[in-house]
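Sequence lines, in order, name chains A and B.
Residue 292, in the working numbering, is where the first sequence stops; the numbers in between run on with no holes.
Residue 532, in the working numbering, is where the second sequence stops; the numbers in between run on with no holes.
Careful: at least some of the hints might be erroneous.
Claimed, not checked - Here are a few chain A residues that sit away from chain B, every Cβ distance over 12 Å (derived from the structure):
hint, residue
1, A9
2, A11
3, P69
4, A78
5, E138
6, E204
7, T221
Claimed, not checked - Computed footprint of chain A on chain B, listed as stretches where at least three residues anywhere in the stretch have a Cβ under 8 Å from a Cβ of chain A:
hint, region
8, 270-280
9, 396-402
The hints are simulated quantities; they were obtained by calculation from the structure and are not laboratory data.
Ideal Cβ positions, reconstructed from N, Cα and C, are used throughout, including at glycine.
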Amino acid sequence: MSVSQAAAQFERQYAEYRRSKTVWTVLFWALFVVCFVVSLVVTRFDVVALVVGLPRTTDFIVKMIPPIGWSTFGADVDEWYWGIGKWLNSLLNTLLMAYLATVLGTTIGGALSFLAARNLVKSYAVYWITRRVLEIARTVPDIVWALLFVLAFGIGPLAGVLAITVHTLGAQGKLFAEVNENVSPLPIEGIRSAGGNWLHEMRYGVLPQALPNYMSYTFWRIELNVRSATIVGFVGAGGIGHDLFTSIQLLYFADAGAILLIVVATIMAIDMLSERFRHRLIGKEQLSQ
Amino acid sequence: MLKIEALTKIYGQVAAVDNVTFDVPAGQMVGIIGRSGAGKSTLLRMINRLTDPTSGRILCDDVLPETIDVSGLRGRRLREWRGRCAMVFQQFNLVPRLPVLTNVLIGRIGYRATLPSLLGLFSDADRALTLRALERLDMVTHALHRADALSGGQQQRIAIARALVQEPRILLADEPIASLDLRNATIVMDALRRINKEDGITVISNLHLLQTARDYCDRIIGMRKGTIVFDGKPSELTDSLAREIYAIGAGGDEEVAMAFSATSAAATH
Numbered sequence: 004m005s006v007s008q009a010a011a012q013f014e015r016q017y018a019e020y021r022r023s024k025t026v027w028t029v030l031f032w033a034l035f036v037v038c039f040v041v042s043l044v045v046t047r048f049d050v051v052a053l054v055v056g057l058p059r060t061t062d063f064i065v066k067m068i069p070p071i072g073w074s075t076f077g078a079d080v081d082e083w084y085w086g087i088g089k090w091l092n093s094l095l096n097t098l099l100m101a102y103l104a105t106v107l108g109t110t111i112g113g114a115l116s117f118l119a120a121r122n123l124v125k126s127y128a129v130y131w132i133t134r135r136v137l138e139i140a141r142t143v144p145d146i147v148w149a150l151l152f153v154l155a156f157g158i159g160p161l162a163g164v165l166a167i168t169v170h171t172l173g174a175q176g177k178l179f180a181e182v183n184e185n186v187s188p189l190p191i192e193g194i195r196s197a198g199g200n201w202l203h204e205m206r207y208g209v210l211p212q213a214l215p216n217y218m219s220y221t222f223w224r225i226e227l228n229v230r231s232a233t234i235v236g237f238v239g240a241g242g243i244g245h246d247l248f249t250s251i252q253l254l255y256f257a258d259a260g261a262i263l264l265i266v267v268a269t270i271m272a273i274d275m276l277s278e279r280f281r282h283r284l285i286g287k288e289q290l291s292q
Numbered sequence: 264m265l266k267i268e269a270l271t272k273i274y275g276q277v278a279a280v281d282n283v284t285f286d287v288p289a290g291q292m293v294g295i296i297g298r299s300g301a302g303k304s305t306l307l308r309m310i311n312r313l314t315d316p317t318s319g320r321i322l323c324d325d326v327l328p329e330t331i332d333v334s335g336l337r338g339r340r341l342r343e344w345r346g347r348c349a350m351v352f353q354q355f356n357l358v359p360r361l362p363v364l365t366n367v368l369i370g371r372i373g374y375r376a377t378l379p380s381l382l383g384l385f386s387d388a389d390r391a392l393t394l395r396a397l398e399r400l401d402m403v404t405h406a407l408h409r410a411d412a413l414s415g416g417q418q419q420r421i422a423i424a425r426a427l428v429q430e431p432r433i434l435l436a437d438e439p440i441a442s443l444d445l446r447n448a449t450i451v452m453d454a455l456r457r458i459n460k461e462d463g464i465t466v467i468s469n470l471h472l473l474q475t476a477r478d479y480c481d482r483i484i485g486m487r488k489g490t491i492v493f494d495g496k497p498s499e500l501t502d503s504l505a506r507e508i509y510a511i512g513a514g515g516d517e518e519v520a521m522a523f524s525a526t527s528a529a530a531t532h
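The shape of chain B in the complex, shown without the other chains (with noise of 0.2 Å):
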């Protein structure tokens, strides 16, 4: 179980997250929608440190047998939190000049000491580990392949084989496929939903696509301005409650429509 509690993170004057409490049992997959600006990414950077929060609580008893508190860590205990959260992002956020290999092995290198992982000396077990991770993802052909060669769905698949041989209990994922097109989008949101139900991993995704969270998701979170304003099965998120989270009235914009928009990815599972 992760336990968020009354999360809160303020730039300068402007809450970008508002008091934010919320709890997500262990192996459920969460959707979070809203407009750009409502707090999503925000939300997400702080669960897995990138963003420290202003005040709050991250509770989590899913990696460890006790609960820790994620807001406090620091250092070695940081760095092991983030190894087990592990985070996929809008722009991929791989290493562009390195092999695909190389790229994945990256998620190793919590596991082992800094000296060795430096020199670029991971174990046996770590290669096999990545190899898996890039089978299940169908990328071991593009093992030995700069990842900068790759177009942008391969370079997600390659940042998911990264999460994956962290061997995280919950895999954050930051606008995924907005920077896909729709065939990617969806092999990449399969990808996702896959390793949610195989691998028992809780899967925490911001998507832009209203459609996309009814078609993948158990459970759809809507923010607004910081604050949640929905939170609840997808059947349960009706059209009107979708207007209100994405604020409509405001005048019918691009984002609001791209956001409602039927052709989201397909669900396929």
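In isolation and in its complexed conformation, chain A is listed as follows (with noise of 0.2 Å):
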């Protein structure tokens, strides 16, 4: 084939390749705005609803707050945090159910996720089991398995722990396989090689490679654990979320803030201690390059 030819055949190969190009990017937009139009009706989205109603979110915050003068400061934040001692002994409490749900269900989620790996497991029945089993345990909110649990194990920070703990192993399985299957195949084929059995290959073949990607998931899932932990609290499940759903539904707005308040700040101190600790593990993995 000559050099005039073979330039030729490569502008007619261009031509149809812009061509295709062109043609799934229209049809990629067009199927964006129909999904983002028809989510607008369904949802009956309303800026003028939005604009009207903006103010009101307002007002609830507000009564949130009780009034607090400057020269008598001390006393009305006292008599605003009036319940901190059983707040903060709920909040503990809640910590404690997110710190234990996320090291159970990291620990069960990490176990499946190898199996939920496509390059690591020869049987497709074990592979597909498994993933059904995790989007099982992750798409079922985290509410709804507190309420099952509660009612089988009674009110208290069990049926909390269980729930989260099942959501929590649902979610690491499945990001945990991810990575799993990211892995380089050759070190696992140099464990084969040299007589290792399956575990052998996970053990040291998966899992020093995909071990930090782990830890910066777990680190996130701490993170929401404690969000969860308060939420599962309003039906009964224990901790801080308790005392937030009682002071709501007596009206008691003033109790709800304080009790807010704490919440927020508490997932604030937890979001940037570990962003310390993972930019401290990812600094000393480049270090030790």
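Dock the two chains into a complex; use the hints.
Laid out in structure tokens, this is it:
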């Protein structure tokens, strides 16, 4: 084939490539716009109602903060946070629930993630079943799991821990499985060639490669689980969520405000701490390269 | 003696390895040459059983008193075989984030019960063996470094150390120096030859450079399109026979020019 022939062929193929790319781009944007419009209509998203209703949300927030004067600042805050001892105790409860659920859920989900990685299991049935189990654990909202466990085990933190554990194992299992599917196959082959069994391949071939990503997801999960542990308290699973729910139910908005502020501050603190920790981990990683 | 009998591997419609038969007496150093796609890798991977043969047999009496048919092994027996028939790879296949020491200790997992080896519990004897292997490859000072902090040549030496602590009777090397520069290639080939001589371990190595095979091996097997087209001493491999292995005539391409290049890892033994 001469040079000009090759060039002509390239031109033809390039034109074809551009054409098909344009078609796909147009299709993609059309789909995007249609979905957007349909969602606006179905959810009755109304800009007018939004503008009219927005000030009302501040009404609620105002109700949640009692009058605090400059001259009586200390006494007013003291008055507002009359239940601080009780609330901090509940908060500790919630934090421990989140911690325990993160540990349990990550351990179980992490173990299942190896079976849910297509590159690591031979049997398609094992892979398929594990994936579905993780999906069910993850897609049922944790508050629904909490309701279920409150009915089964009674009101209290145990139901909350179980609920968040189940949700966590589903989420971590899927995220970890995706990490597992992206590890290099070469170390795994090296271990197999040395006479290692499947467990050896997972322990020495996959785990060291995947661990930094596991850690990153787990820090994030602790944060999510503190929030979840608060929410599941609403349905009787103990902790600060229970206090929050009770105060809203009894229309003690100032109490609700005080509690919410504690929760927000706690989550902010955890976020900053985990950020620090993660950066230190990554920093160490780069140093040892 | 390792006996390969009518070994065949078919991928789809293509026979990657087509009815290959040869014997390797214990302690021989064999170089397998041929173009890429000639079936060299598939052949070696079938011997370690990383790849399952389509048909044929692999018989061996070096490892156990009786002759075993490797091609039929499964489960525990298969893993034992892999332990005794070590393999090193073009890309080294180490675990990048683990220290050198652990990477070499992985060669001992076949000798330990599963639970302790998963927990990283190895015996003092295992560690002593590991250090001795590292010493032989001049890598002791790197024992606590991470594998991915090392150069390619160093990583390949770690991989050979891992193979050594497996206490193998056979060592398979799949293009061990194809990713290395000349100096490191020489170090690695010298190490393989020394292990072959000193320990009497059979070494079978795929080599992309003809000259390396000539310099280091007792015997050369030439493969072309999945079959053996040459099998003999390096001195018997004339230029015209070599041309046949590499199918010259189909155009002097780069790969063939490379294979014939005289600047191979020089023999220093």
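Inset, instruction - Could you tell me which of the hints above the structure violates, numbers in ascending order? - result: Per hint list: 6, 8 and 9 violated.
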